[in-house]
Amino acid sequence: MNEKELISRLKLAEEAAFKVLVENYQDRVYYSVLNILQNANEAEDTAQETFIQVFESIGSFKEASSLATWIYRIAVRKALEKLRKQKNRQRINSIIPWWMPSEEQSIDAAYLNPGISNENKEKTTLIFKAISELPNNQRIAFTLIRVQGMKHDEASAIMQLSIKAIESLLSRARENLKNKLKNYYNS
Amino acid sequence: MMKTLSDEQLENELSIFSTMKETASPDFFYTRLQARMGKKASLANAAFSFKPVLVICILTLFLIINTLLIGKNTNVAKANSNNNIEVLAASYDQNI
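Protein chains in written order, with the numbering used here: chain A, 1 to 187; chain B, 1 to 96.
Please note that the accuracy of each hint is not assured.
Said to hold, decoys possible - Label-pair restraints from in silico Cβ distances:
#1 Arg-89/A - Phe-62/B: 46 to 52 angstroms
#2 Lys-85/A - Phe-48/B: 24 to 30 angstroms
#3 Leu-61/B - Ser-132/A: 49 to 55 angstroms
Stated by the list, open to error - Here are the computed lysine to any residue pairs in the SDA-like style, where the Cα-Cα straight-line distance is at most 25 angstroms:
#4 Lys-39/B - Ile-52/A
#5 Lys-123/A - Phe-17/B
#6 Lys-123/A - Glu-13/B
#7 Lys-39/B - Glu-23/A
#8 Lys-82/A - Asp-27/B
#9 Lys-129/A - Gln-9/B
#10 Lys-11/A - Lys-39/B
#11 Lys-129/A - Met-37/B
#12 Lys-82/A - Ala-16/A
#13 Lys-21/B - Glu-23/A
#14 Lys-19/A - Met-37/B
Bear in mind the hints are in silico, worked out from the structure with no lab data behind them.
Beta carbons: idealized from backbone N, C-alpha and C, even for Gly.
Produce the complete structure using the sequences and hints provided.
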């Protein structure tokens, strides 16, 4: 089934087409949001929300971009919503700690990729912790390009920003990371 | 103590990403997604079936409040009109 056919069948709300779509994109969407959120449970939840949104909004998909870009855009938006909610919860928790239980802020141990050797796991955790402290836009741009290896134009289409803006975000993210990681080097 | 990392040091740190393999989504992802969508649809249906009941309840409450208020206003108006006649009669020194 080619992309055009898949889209037209999705617009008819065909369950078989939706299954094909999920099977084609579930790993890529999950991996993307996992890299952004760095928590396996949150990533699965966000990936599910992404596919629900895709199913509900496919009628409004104008095909101005590829289906993959559109799905990634939804996934990134959902991940950003999750990050904002997390930050709001942290803010409320710091003001009125009895209002809601505090959340684990540590990087999910399950996130650590099986492809990373044991001696590098500590280093990876530190790098991901530093990335998680970046402002949201820098965090997304850096994750898409440096962690997932996307091209600048792909990230630009997903984030709906110009390539110059993406480059600027990357450069600021690098400067921030240099500052944050210096402690690790000094120790 | 160094101020920040050099570009070379940072690139050395970030080279770790090239060894990373794509993590697959959890098992039964589609099954869980379907279950969630089913749950969402049934919740939406339940909310829809409750809607007429809710509308009827609100309308009934509105009717009851209106009836009570109109009844109360009629009594007050009646009492006021009686008082007016008495005042008028008194001013003309008439007994009703």
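Hints, one by one, checked against the model:
{"no.": "1", "hint": "Arg-89/A - Phe-62/B: 46 to 52 angstroms", "result": "39 angstroms, violated"}
{"no.": "2", "hint": "Lys-85/A - Phe-48/B: 24 to 30 angstroms", "result": "27 angstroms, holds"}
{"no.": "3", "hint": "Leu-61/B - Ser-132/A: 49 to 55 angstroms", "result": "51 angstroms, holds"}
{"no.": "4", "hint": "Lys-39/B - Ile-52/A", "result": "12 angstroms, holds"}
{"no.": "5", "hint": "Lys-123/A - Phe-17/B", "result": "11 angstroms, holds"}
{"no.": "6", "hint": "Lys-123/A - Glu-13/B", "result": "8 angstroms, holds"}
{"no.": "7", "hint": "Lys-39/B - Glu-23/A", "result": "21 angstroms, holds"}
{"no.": "8", "hint": "Lys-82/A - Asp-27/B", "result": "23 angstroms, holds"}
{"no.": "9", "hint": "Lys-129/A - Gln-9/B", "result": "17 angstroms, holds"}
{"no.": "10", "hint": "Lys-11/A - Lys-39/B", "result": "22 angstroms, holds"}
{"no.": "11", "hint": "Lys-129/A - Met-37/B", "result": "33 angstroms, violated"}
{"no.": "12", "hint": "Lys-82/A - Ala-16/A", "result": "29 angstroms, violated"}
{"no.": "13", "hint": "Lys-21/B - Glu-23/A", "result": "19 angstroms, holds"}
{"no.": "14", "hint": "Lys-19/A - Met-37/B", "result": "13 angstroms, holds"}
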